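Asks: Build the full structure now, drawing on both the sequences and the hints.
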Amino acid sequence: MNGADFEPRIVGFLCNWCTYSAADTAGVSRMEQPANVDIIRVMCTGRVDPVFVLKAFAEGADGVIVSGCHPPGDCHYNSGNYKTFRRMPLVEALLQQYGIEEERFHWGWISGAEAPKWAQLVRDFTEQVRELGPLNWKRELESKED
Amino acid sequence: MKKISIDPITRLEGHGRIDIFLDEEGDVANAYLVVPELRGFEKFAEGRPVEELPRITPRICGVCPEAHHMASAKATTRSITSRYPRRAKSCESCSTLPFTSLTTPSTFTSSERPTLSWGRMPRLPSVISWAWSTRWV
Amino acid sequence: MPTLIIDGQEVHAEEGQTILEVARENGIEIPTLCYHPLLEPYGACRLCTVEVIRRGRSRLETSCTHPAWDGLEVKTRSPAVIEARKTILELMLSRCPNVPVIQDMARDYGVTEPPFLAVDPDEKCILCGLCVRTCHELVKADVLHFSEVGVERRVGPAFLEKTRQCIGCGACTIMCPTGAIEIVMEKDAIYQEKPLGPTSAIWVPSMQAVPRVPVIDTDACIRFRQDDRTDGEIADACGACQMLCEADAINFDQEDEVIELDIGAIVVATGFEMWDPAQLSQYSYGQSPNIITGMEFERLSNAGGTTGGEILTAEGKIPEKVAIIHCVGSRDHNAHPYCSRICCMYSLKQAHLVRDKTGAEVYEFYMDMRSFGKAYEEFYERVQEENVTFVRGRGAAVEMLADGKLRVTGEDADLGRKVHADVDMVVLSTAIEAPHDADRVASLFGLGRSEDGFFAEAHPKMRPVETNTEGVFLAGTAQGPKDVPDTVGHAGAAASMALALLDKGEVVISPQTAVVDEKLCSACKTCLSLCPYTAISYIEEDNVARVNEALCKGCGTCVAACPAGAITARHFTDRQILAQIEGLFRVPAVEAETETAMAEAEGVSS
Amino acid sequence: MAQNGKLKLGLYWAASCGGCEIAIVELREKILDLDAAADILFWPCAMDFKYKDVEAMPDGHMDVVLFNGAIRTSENEEMAHLLRKKSKVLVAFGSCAHEGCIPGLANLFDRKSIFERVYLTSQSVENPNKYLPQTSYQMPEGEIDIPYFYNTVKTLGQVEDVDYFVPGCPPQAPQIWAVVEAILGGNLPPKGSVVGASPDKTVCDECKHNREEKHVKKFYRPHEIIPDSNRCLFDQGIICAGPATRAGCGALCTSVDMPCRGCYGPAPNVLDQGAALLSAVASVVDADTEEDAARIVAEVVDPIGTFYRFGLPASLLHRTKLE
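Protein chains in written order, with our numbering: chain A, 1 to 146; chain B, 1 to 137; chain C, 1 to 606; chain D, 1 to 323.
Keep in mind that a hint or two might mislead.
As the list claims (entries may be wrong) - Computed far set for chain D versus chain C, every beta-carbon distance over 10 Å:
| id | residue |
| --- | --- |
| 1 | Lys-8 |
| 2 | Ile-40 |
| 3 | Trp-43 |
| 4 | Lys-112 |
| 5 | Ser-124 |
| 6 | Arg-211 |
| 7 | Ala-244 |
| 8 | Ala-247 |
| 9 | Val-284 |
As the list claims (entries may be wrong) - No farther apart than 25 Å at their CA atoms in a straight line, the calculated lysine to any residue pairs in the SDA-like style are these:
| id | chain 1 | residue 1 | chain 2 | residue 2 |
| --- | --- | --- | --- | --- |
| 10 | C | Lys-519 | D | Gly-192 |
| 11 | D | Lys-50 | B | Tyr-32 |
| 12 | D | Lys-88 | D | Glu-213 |
If you are wondering where the hints come from, they were derived from the structure by calculation, not from laboratory data.
The model shown is predicted, which means the values in this text are computed figures rather than measured ones.
Where a beta carbon is used, it is the ideal one built from N, C-alpha and C, also for glycine.
Replies: Okay, structure coming up:
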């Protein structure tokens with residue numbers, strides 16, 4: 001199921017104020033982007049518990065995006081994104097130890113005014129994950145368990 | 001050939017089975033001790049921070065965790081430094097004491113068993129240093 | 001109450017007054033040089049000599065020292081008095097032939113030429129001791145003394161040596177009747193900090209200050225600095241302002257105090273700071289006194305300023321050519337990328353002022369003329385008509401030429417080539433920026449900051465006055481660069497929103513708040529440092545963390561961090577989000593059924 | 001219950017170390033009370049019963065089976081199924097059965113690499129013919145078989161329906177006795193509950209160290225710091241699993257200034273103990289730039305070993321990716 005046949009499933013945790021509104025604008029502005037990213041809106045990336053990322057992979061996501069407001073000053077809640085940039089490097093290290101390629105996990109900043117950047121990220125990330133092929137954690141785990 | 005399995009062997013720490021093969025006469029032709037258990041500490045200790053080993057290796061055996069704990073604690077200490085405080089050394093030497101206290105009751109109460117020679121008991125200075133260290137540590 | 005007769009007029013005196021005081025109170029003029037109402041009389045110059053008749057006996061006395069006793073008769077202009085003063089002035093003029101005040105006085109008494117040849121024709125000191133008394137009694141620095149005796153007698157610091165006791169307060173120069181003392185500027189003098197010249201230690205912040213109350217610069221005031229100047233030896237130095245203030249308004253014991261108020265709304269109007277053009281070396285700011293910022297130009301052209309409003313170069317000359325450079329630090333990726341919005345208009349005004357006051361040629365180096373406000377464009381046109389030379393293009397660099405002129409180099413975008421102007425004065429229209437401690441204010445009030453460093457409004461279009469902290473509003477340049485009309489409008493809006501909030505008496509908050517399940521909380525205190533609104537606090541008596549829902553904005557940071565899973569984000573609970581994730585990867589039942597049905601149907605058909 | 005009114009009790013160890021058995025012996029004189037209240041029908045470590053005896057029992061014969069040890073081999077799993085069938089109440093006893101425990105760290109590797117390390121490259125092994133375990137082997141006298149060694153360590157709950165979980169490595173004696181009393185008294189909580197531990201709090205609740213607001217500038221490894229016995233270890237930059245670990249042990253480790261390792265498993269409302277601990281640890285890093293934050297969290301050298309020391313098999317991802 002590699003290459004062109006494979007449609008990656010990507011979960012995006014987006015902050016309500018920046019990247020979610022960028023994604024909204026990208027949609028409203030008819031910017032071209034693949035439909036592989038399923039967005040889960042949170043009020044702030046500071047709300048993104050690492051367990052959400054793990055859960056997404058465990059459920060079968062091929063890639064995960066966490067994106068919010070640019071630090072230092074862009075955060076609607078002042079410093080929610082600070083907690084994100086403290087947590088996510090560790091999540092990244094954890095995922096790598098689990099054997100999940102770092103290309104499958106993206107965290108970063110896209111402000112409400114950067115709709116084209118969001119569309120670009122979706123395009124690039126989808127291709128990046130497509131190249132890696134399916135992760136399919138749950139099924140792989142069951143089939144290779146014994 | 002007839003096979004008798006003693007499955008599992010009991011009243012000791014660890015998993016085991018004895019497969020006994022009998023020949024036509026009913027005599028034991030051969031017997032095999034089968035150990036059906038493996039957890040792989042040798043492998044998964046790899047990649048752990050060295051100071052974690054004193055808390056990983058005791059799970060090799062829950063009956064004698066002391067021995068594993070002390071072995072890895074000593075190894076860890078020596079891997080980090082060759083100079084360490086006297087008191088730490090005292091703690092190390094008192095480590096056999098709980099083991100001894102675990103076995104000594106049997107040693108002295110069971111008449112069938114040969115008593116342990118004093119040579120295998122902890123040396124007196126260690127006991128003193130242990131007593132000293134527990135009062136102050 | 002003593003009653004006495006001065007020049008035939010019956011006058012009443014207070015107990016303890018001197019004749020001079022009584023005379024002056026009653027409008028009778030007696031000349032003095034060494035007298036000052038704040039100081040003890042000394043009777044050195046003897047010009048106040050009057051004829052005092054007591055019990056029929058007439059004597060010449062100095063009126064500044066003689067008590068106004070009851071029953072005295074005083075004559076201030078009797079022939080004996082006039083003769084005595086004339087002699088005094090003759091001697092004085094002989095000592096100091098070139099002091100105008102002595103010359104004037106002497107002329108009044110008919111003395112035009114000094115009878116004796118002066119030892120030193122430049123001598124100005126009459127040894128009246130007014131300065132010594134000022135330094136001793138008023139300033140209490142005790143720097144000035146008389147030294148030597150006889151003809152060698154003179155005034156100066158002990159052993160005539162420089163002393164750190166003297167801070168150059170200048171009180172002696174003000175007091176000296178003959179102008180014999182000058183303040184000499186030294187390189188490290190404190191005045192150097194104030195580039196437009198010395199001021200006293202007590203001043204009104206600006207001509208337009210409201211309220212118009214003077215402030216004391218405690219870093220410069222002798223009274224406040226007495227300890228580090230005099231090693232604490234002198235108590236209550238100076239205090240001249242206190243002695244002189246008729247309203248008794250000066251209180252040296254006043255200190256900053258913290259006043260706690262319970263308030264319902266806050267308007268943050270912390271304003272802006274001027275960007276320091278020394279950060280970009282191409283403008284050579286600080287290297288020549290004739291390169292000044294727009295703000296310094298305002299001070300220069302202000303009628304209350306040091307030049308009385310005259311536009312002069314540092315050399316005191318009227319400039320012939322002036323260059324004004326726009327966008328210094330604004331619209332510049334090496335400084336601030338944003339437009340400071342006010343500079344175009346004040347630069348035009350300053351160009352107009354230069355033209356109006358000096359007639360100098362003015363060059364305006366501008367990138368775009370942003371005259372966007374009401375009547376702004378009309379003003380721009382007017383300044384154009386005043387023959388100001390507008391050069392479209394950034395003024396790129398200022399360099400000092402050997403002849404003292406300043407060369408401004410820039411690109412004329414209209415001509416498409418490099419141009420330069422050699423001028424006498426350069427005015428840099430510097431950017432305005434967020435105050436350097438805006439981050440502290442932001443964390444104090446829980447405000448966000450936009451990329452430019454100014455405080456972030458709740459929404460750039462729809463809610464430009466509110467912030468994300470309920471009840472905190474922004475006014476003026478705290479939110480971003482604004483000119484005066486915009487600031488007034490913004491501030492008015494902030495005030496009315498604050499009033500509306502107070503009038504309503506209640507606040508509406510978002511329901512997306514965090515809540516602690518206190519049963520599950522073990523008070524690990526992980527969450528406490530995370531809340532940007534300090535909405536979580538540790539409750540000692542219950543040994544749990546608790547969220548103040550009035551402060552909580554519902555960002556959910558604490559929820560994600562709580563290692564015990566004790567905090568829930570209302571409307572964004574873990575269960576809700578995890579269910580969303582699960583939902584993404586579960587084939588919906590209906591769809592699955594349809595798929596099975598279709599597969600079956602296919603199986604049947606084939 | 002048996003006719004004599006005594007509880008029929010079974011105990012079994014799967015992939016375990018025997019520490020849970022010792023923990024029961026730790027009941028000391030109370031073990032006599034246990035003996036008085038219960039007939040023990042199966043306990044390989046202490047009494048001589050064979051698997052055949054268990055197989056011979058009618059289904060649901062034993063009232064309670066305390067099952068410790070993880071599911072490492074096919075034999076472990078078969079025993080789990082067997083004991084489920086023969087018992088009324090199956091209790092996952094101890095950290096291994098509850099969440100995988102230390103042996104669960106083997107989920108960082110697979111069967112092949114473990115076999116290679118243990119049987120081929122280990123310095124204390126001489127195996128010139130490079131024999132590796134095989135599930136069956138033909139000896140001259142006949143066939144000998146051993147169980148199949150799984151790639152992945154599983155918890156009891158992952159292979160069988162479990163009634164109750166008793167956490168801890170090992171479960172503490174007072175907690176065990178509380179469970180025994182609850183069983184004898186018949187007042188057990190709803191099925192699936194964790195018993196023998198605090199129903200709601202975490203280790204911090206029992207820990208005596210003084211906690212403050214946390215701002216961690218550096219993470220210390222034990223040999224880099226002498227901790228202040230009065231201050232919270234986590235506050236001092238020592239990663240302590242206490243905040244993310246269910247209470248019940250009495251904060252044994254922290255009482256001697258060793259950070260909690262998390263053997264009592266996640267707090268009641270937490271899905272994944274490691275993720276919860278990771279989030280808490282990273283959140284309090286005192287860094288205001290991305291570079292500082294990345295530098296400080298990089299001091300956590302072994303994220304899985306740190307955050308999932310006892311619970312990797314029970315975590316959301318269970319194990320590392322298999323090739």
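Asks: Now look at each hint and say whether the structure bears it out.
Replies: Do the hints match the structure? See the list:
Chain C leaves Lys-8(D) outside its interface by the beta-carbon criterion, the shortest separation being 36 Å against a cut-off of 10 Å. Every CB of chain C is more than 10 Å from the CB of Ile-40(D) (nearest about 36 Å), matching its label as outside the interface. Against the 10 Å criterion, Trp-43(D) stays outside the reach of chain C, whose nearest CB is about 36 Å from its own CB. With a minimum CB-CB distance of about 30 Å to chain C, Lys-112(D) clears the 10 Å threshold, and the non-interface call stands.
Taking the minimum C-beta to C-beta distance to chain C, about 40 Å, the non-interface status of Ser-124(D) holds against the 10 Å cut. With a minimum CB-CB distance of about 5 Å to chain C, Arg-211(D) fails to clear the 10 Å threshold, and the non-interface call is violated. Its closest Cβ contact with chain C, about 4 Å, brings Ala-244(D) to no more than 10 Å, contrary to its assignment away from the interface. With a least beta-carbon separation of about 7 Å from chain C, Ala-247(D) fails to lie farther than 10 Å from that chain, contradicting its non-interface assignment.
With a cut of 10 Å on Cβ distances, Val-284(D) falls inside the contact zone with chain C, its closest approach being about 6 Å. Taking the CA atoms of Lys-519(C) and Gly-192(D), the gap is about 20 Å. The hint holds against a cut of 25 Å. For a cut-off of 25 Å, the pair hint linking Lys-50(D) to Tyr-32(B) stands: about 17 Å separates their Cα positions. For a cut-off of 25 Å, the pair hint linking Lys-88(D) to Glu-213(D) is broken: about 48 Å separates their Cα positions.
Hints 6, 7, 8, 9, 12, counting from the list given before, are not met by this structure.
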